[in-house]
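Peer 1: Residues per chain are reported as follows:
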Amino acid sequence: MPSPDLSILIIDENRIRASIIEDGLREAGYGRVAVIHDVNEVARTIQATMPDVVFIDLENPKRDTLEHFFSLSRAIQRPIAMFVDRSDGAMIEKAVEAGVSAYVVDGLKKERVKPILDMAISRFNAFSRLTRELEQARSELEDRKIIEQAKGILMKTRGLAEAEAYALLRSTAMNQNRRLVDIAQSLVTAADLLGP
Amino acid sequence: MPTAHLTAGFLPLLDSVLLVLAREKGIAEAQGLDLHLVRETSWANIRDRAAIGHFDIAQMLAPMPLAASLGLTPIATPMIAPVVLGLGNNAITVSADLWTAMADQGAPGDLAAGPAGAALARVVAAGRKLRFGVVHQTSSHNYELRYWLAASGIMPDRDIEIVVLPPPLLPDALGAGGIDGYCVGEPWNSIGVATKGAQIATVKASIWQSSPDKVIGMRATWAEENPELVSAMVRAIYLAGIWCADPANHAEAARIMAAPAYLNADEAIVARALTGMLDIGGGTVRHVPDYFIPHASAANFPWKSHALWYYSQMVRWGEVSASPAHAEIAAACFRSDLYRMALAPLGAAVPASDYKTDGTRQTAGPIAAHDGSLTMGPDLFFDGRVYDPDALDAYIASQRQP
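If you're matching them up, the sequences are chains H and R in order.
Taking this note's numbering, I'd label the letters of the first sequence as residues 1 to 196.
Taking this note's numbering, I'd label the letters of the second sequence as residues 1 to 402.
Hints in this document: simulated from the structure, not taken from any laboratory.
From a predicted model like this one, the values you see are computed outputs, not experimental measurements.
Errors might be hidden in some of the hints.
For the chain R half of the interface with chain H, some residues (derived, Cβ under 8 Å), not all of them [to be verified]:
no., residue
1, 43
2, 48
3, 52
4, 75
5, 135
6, 136
7, 137
8, 163
9, 169
Every residue, glycine too, gets a C-beta built ideally from N, C-alpha and C.
Excised from the complex, chain H in its bound form:
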């Protein structure tokens, strides 16, 4: 059961990822979600929003700063500790693997926090997947461009048809046990060096 009354704070330097998590929480019915991108703003935000749960991405070098801030009891009215329950090792592991760390106010029941943690972890994982896929698509596009260029060079200098140029690149790659794009890159580089 979601507890829409809980106040949640997301600290993430990555604005896109932060908004993906924020959207997920709002869609799930959590209305009190605040986002900051710099740990330095945390004092002000905590006073304003009184969060029950705080998320921070593990890439953030200021995790130590945040934890120290939490440890200064006078800075906040309620103590905040990492994760909901020390005994829940699997949950902690899942979070760290996803690249997120969670801090929860003292005394909050595990079952109230779990859906929030699950949501943040799955959104972090989804974001990583998205980033990986984007990276892959980008490099595939780059590869295709280089292969097109290499084909063009072969067609021009050796008077080959497009299919023949491609076949030549492919057989060369296979014979040398190298990737097609690497052969194409060598050809493009060589052509650049040799000039027009």
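Take the given structure of chain H and dock chain R to it, following the hints.
Peer 2: Okay, now just chain R, sitting in the frame of chain H:
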């Protein structure tokens, strides 16, 4: 010997040098280890990823295994340290502006902790509100800085604010005026001097001579399950220490450490801590021969008495309560037995005792050792206090807050 995969986490600090050399100079490989190094962004990440087993071992602040074993950390996994990554390496650096005020109050600029602390106390007494940065709460840096301040008559938290920032962000924070000083390992003091006009006010080697700073930490259960890997790793660190201590190797060590994968810093700046030739500010170079000790004075030996000193400071600053059970847990984290066992095949000299008194040795001299002789450097505290682990309770009582 078959090669075993070993993943180690580290932070971009000079005293990761023995881990890095163990890999880059083939020392770990010669011990049958395929050592993989993962650079982290925070001590909190090192702590958590070591606790859940992403890292087999990690460079840790000396008090970190204690904090984990005493249940002060979120994932309360018992941790141990069978080897120390060296002595010294930290310094306290202040902004140009604060240094001017300290110099006006009589700071001589010779790195001696006593006069520098006395000058700072006069600046504070004159009503100036100061903020200093350290790298982590349960860190040698935090306890050293607090020791220096308290012994100089400045009450931490009341007279001076202490905040936590990761090492690479400290020079910028100083430059931007967010903090007035910081206690950190190299190269971040020298980078503050080189890029922000900062001044090194004093060094760990003056606050407490020949004192430990970083260790290799690991889960106690992992160490139990992998005794041969632990031994091989301790040997690799010890042998890397010998290589690193040779002045003929300082230039190469600096070149290796300066690379983007490690410190990603200027080679000449990295070399300062290795050679002990520190630019302390304004182009004044001082030679601090014991600034960083990777091998001499049994630098890699995990003294149980040192674990207890860190425990005494955790008690002093209210992080853990004093009890015989806590003291026992703390002492058990530093595994001198594993160190001795690992070095036995090398025939290397090892201290005969697990405990030593600090604060009495004024000049270098021998200590009781097995398999050879060992010379220890001076181990004085700048305020002349003596730390006797046999009188731990009295030591703790003498430091109790008024």
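Peer 1: Each hint needs a verdict: does it hold in this structure or not?
Peer 2: Results for each hint:
no.	hint	in the structure
1	43	holds, 5 Å
2	48	holds, 5 Å
3	52	holds, 5 Å
4	75	holds, 6 Å
5	135	holds, 7 Å
6	136	holds, 5 Å
7	137	holds, 5 Å
8	163	holds, 7 Å
9	169	holds, 6 Å
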